[in-house]
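Make the full structure from the sequences, and use the hints.
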Amino acid sequence: MPALFRIRVLAVSGTRLWCAGTGPVTAGVSQAVHDELTELCAGMSVIGLDLRELRLPAEAFLPSVPWPDGPDTVHLLAPERLRSLAADDERVHWHSDLHAAWAAWSGLPA
0 MPALFRIRVL
10 AVSGTRLWCA
20 GTGPVTAGVS
30 QAVHDELTEL
40 CAGMSVIGLD
50 LRELRLPAEA
60 FLPSVPWPDG
70 PDTVHLLAPE
80 RLRSLAADDE
90 RVHWHSDLHA
100 AWAAWSGLPA
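Following numbering that gives the first Met the number 0, the numbering of the sequence shown begins with 0 at its first residue and continues without gaps.
A hint or two may mislead.
[Unchecked claim] Across the chosen pairs, the derived CB separations fall in these ranges:
{"hint": "1", "residue 1": "Ala26", "residue 2": "Gly106", "range": "31 to 41 angstroms"}
{"hint": "2", "residue 1": "Ser105", "residue 2": "Gly27", "range": "30 to 40 angstroms"}
{"hint": "3", "residue 1": "Thr14", "residue 2": "Asp34", "range": "19 to 29 angstroms"}
{"hint": "4", "residue 1": "Arg80", "residue 2": "Asp34", "range": "13 to 23 angstroms"}
{"hint": "5", "residue 1": "Gly13", "residue 2": "Arg54", "range": "30 to 40 angstroms"}
{"hint": "6", "residue 1": "Gly106", "residue 2": "Gln30", "range": "15 to 25 angstroms"}
{"hint": "7", "residue 1": "Arg82", "residue 2": "Gln30", "range": "13 to 23 angstroms"}
{"hint": "8", "residue 1": "Leu39", "residue 2": "Ser105", "range": "31 to 41 angstroms"}
{"hint": "9", "residue 1": "Gly106", "residue 2": "Pro56", "range": "26 to 36 angstroms"}
{"hint": "10", "residue 1": "Ala31", "residue 2": "Pro78", "range": "15 to 25 angstroms"}
{"hint": "11", "residue 1": "Glu89", "residue 2": "Thr14", "range": "11 to 21 angstroms"}
{"hint": "12", "residue 1": "Ser105", "residue 2": "Arg51", "range": "11 to 21 angstroms"}
{"hint": "13", "residue 1": "Gly27", "residue 2": "Gly106", "range": "21 to 31 angstroms"}
Hints were generated in silico from the structure; no laboratory data involved. From the three backbone atoms N, C-alpha and C, an ideal C-beta is built for every residue, glycine too.
The structure is reproduced here in structure tokens:
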């Protein structure tokens, strides 16, 4: 993964994890981001992902979603261009603002 891409864990409570990712995500990097998040979220049932600071390729959507496999529930803040990639994933709950996403993540049992 390029040095400019960072994934930071911001909060953990039981089997809930909240993390944020920043940096460029191109077609060649999206699978690496997905794999890194899948490993980081292993054993977690609920995660919150703040991916608003992703820098996406201007000419095309990502070929695959960067959020992880595994968790039962994903609370997602991400660039609007990722919304269509979340439409078929029943685990994903799209949030338009940080307050709503955090409230949903923190209100669920650990």
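Starting from the range 19 to 29 angstroms, see whether the pair Thr14 and Asp34 falls in it by beta-carbon distance. Given range 19 to 29 angstroms: holds, Cβ gap about 20 angstroms.
Hint check for Arg54 and Gly13 - Cβ pair distance inside 30 to 40 angstroms: Holds: the Cβ-Cβ distance is about 32 angstroms, inside 30 to 40 angstroms.
Could you check the hint for me, namely that Gly27 and Gly106 are 21 to 31 angstroms apart, CB to CB? 37 angstroms, violated
Assuming the hint says 11 to 21 angstroms, is it satisfied by the Cβ distance from Ser105 to Arg51 or not? Holds, at about 18 angstroms.
Within 26 to 36 angstroms or not, the Cβ separation of Gly106 and Pro56? Holds, at about 35 angstroms.
Ala31 versus Pro78 beta-carbon gap, inside 15 to 25 angstroms or not: 18 angstroms, holds
Could one say that the CB atoms of Arg80 and Asp34 fall in the range 13 to 23 angstroms? At roughly 21 angstroms between Cβ atoms, Asp34 and Arg80 fall inside 13 to 23 angstroms, so the hint holds.
Confirm or reject the claim that Arg82 and Gln30 have a C-beta distance inside 13 to 23 angstroms. 20 angstroms, holds
Lying within 31 to 41 angstroms: is that true of the beta-carbon distance Ala26 to Gly106? 36 angstroms, holds
Between Ser105 and Gly27, is the Cβ distance one that fits in 30 to 40 angstroms? 35 angstroms, holds
CB of Leu39 to CB of Ser105, is that within 31 to 41 angstroms? 19 angstroms, violated
The hint says 11 to 21 angstroms between Glu89 and Thr14; measuring C-beta to C-beta, is that right? 19 angstroms, holds
Of the numbered hints given earlier, the model fails hints 6, 8 and 13; all others are met.
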